[in-house]
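Asks: Model the full structure from these sequences, guided by the hints.
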Amino acid sequence: MADFVKQILATPIQLADQVAKAAEEASSFKQECAEIKSKTEKLAGLLRQAARASSDLYERPTRRIIDDTDQVLEKALSLVVKCRVNGIVKRVFTIIPTAAFRKMSAQLENSIGDLSWLLRVSAPADDRGDEYLGLPPIAANEPILCLIWEQIAILSTGSLEDRSDAAASLVSLARDNDRYGKLIIEEGGVGPLLKLIKEGKQEGQENAARAIGLLGRDPESVDHMIVAGVCSVFAKILKEGPMKV
Numbered sequence: 087m088a089d090f091v092k093q094i095l096a097t098p099i100q101l102a103d104q105v106a107k108a109a110e111e112a113s114s115f116k117q118e119c120a121e122i123k124s125k126t127e128k129l130a131g132l133l134r135q136a137a138r139a140s141s142d143l144y145e146r147p148t149r150r151i152i153d154d155t156d157q158v159l160e161k162a163l164s165l166v167v168k169c170r171v172n173g174i175v176k177r178v179f180t181i182i183p184t185a186a187f188r189k190m191s192a193q194l195e196n197s198i199g200d201l202s203w204l205l206r207v208s209a210p211a212d213d214r215g216d217e218y219l220g221l222p223p224i225a226a227n228e229p230i231l232c233l234i235w236e237q238i239a240i241l242s243t244g245s246l247e248d249r250s251d252a253a254a255s256l257v258s259l260a261r262d263n264d265r266y267g268k269l270i271i272e273e274g275g276v277g278p279l280l281k282l283i284k285e286g287k288q289e290g291q292e293n294a295a296r297a298i299g300l301l302g303r304d305p306e307s308v309d310h311m312i313v314a315g316v317c318s319v320f321a322k323i324l325k326e327g328p329m330k331v
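Residue numbering for the sequence shown follows our numbering, beginning at 87 and increasing consecutively.
Since the hints were derived computationally from the structure, they do not count as laboratory data. All clues stand as given, with none of them false.
Computed cross-link-like contacts, EDC-like style, restricted to lysine to aspartate or glutamate with a CA-CA straight-line distance of at most 20 Å:
(1) Lys168 to Asp103
(2) Lys107 to Glu160
(3) Lys92 to Glu145
(4) Lys287 to Asp251
(5) Lys322 to Glu292
(6) Lys281 to Glu247
(7) Lys161 to Glu110
(8) Lys161 to Glu195
(9) Lys128 to Asp103
(10) Lys189 to Glu160
(11) Lys161 to Asp103
(12) Lys281 to Asp248
(13) Lys116 to Glu195
(14) Lys128 to Glu111
(15) Lys161 to Glu127
(16) Lys107 to Glu195
(17) Lys325 to Glu292
(18) Lys281 to Glu145
(19) Lys92 to Glu160
(20) Lys189 to Asp154
Replies: Right under this line is the structure:
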């Protein structure tokens with residue numbers, strides 16, 4: 087996982103450096119380019135911080151956030167490159183609406199918010215404490231996805247008590263809505279739930295087992311859980327465990 091994250095982070099880090107350099111060389115819209123440069127440098131710092139913490143990052147939101155950030159930086163580079171002097175003809179015929187800079191500034195700010203959230207949600211529970219993680223811009227139109235990401239992250243890095251509470255939250259979500267159950271599977275929730283069944287105390291094991299039971303509502307979901315190893319875990323529970331399933 088760590089090598090994969092470093093690999094996908096390499097391109098946006100390189101793009102961020104290119105954007106900052108091109109913005110510094112701008113001969114028109116200098117104030118707007120200076121703002122783009124400032125936000126891009128802040129984003130580059132977060133990307134490098136993510137690369138250093140690559141082994142701790144939660145894969146699913148990492149993929150989506152880095153992909154979005156990559157696209158934003160490509161657009162930013164295309165914009166600021168137009169502001170450099172490349173001959174009289176280009177200066178005369180290249181027209182850039184001021185609104186383009188406002189839009190780009192907002193997109194960079196969103197990427198900064200997404201990366202900041204990713205680093206917080208992926209941090210070990212002891213470092214995170216009771217800090218409110220907030221809603222990343224990438225999930226603004228689907229806040230339930232953010233909640234699922236948070237609970238799965240806690241399942242991966244939290245204390246046994248916190249992991250038990252997170253499993254209970256996923257039980258509630260899966261019980262309320264079939265689609266939420268599918269999202270839990272798609273976003274990588276099965277593995278951490280099975281790990282809690284193997285490592286947790288009785289309450290945590292029972293919460294995780296209930297969540298797994300609620301997720302298996304259709305053949306596709308069941309197949310996914312079988313591949314994840316649910317059969318061997320539940321066989322061990324039935325043979326050895328005192329827990330109620």
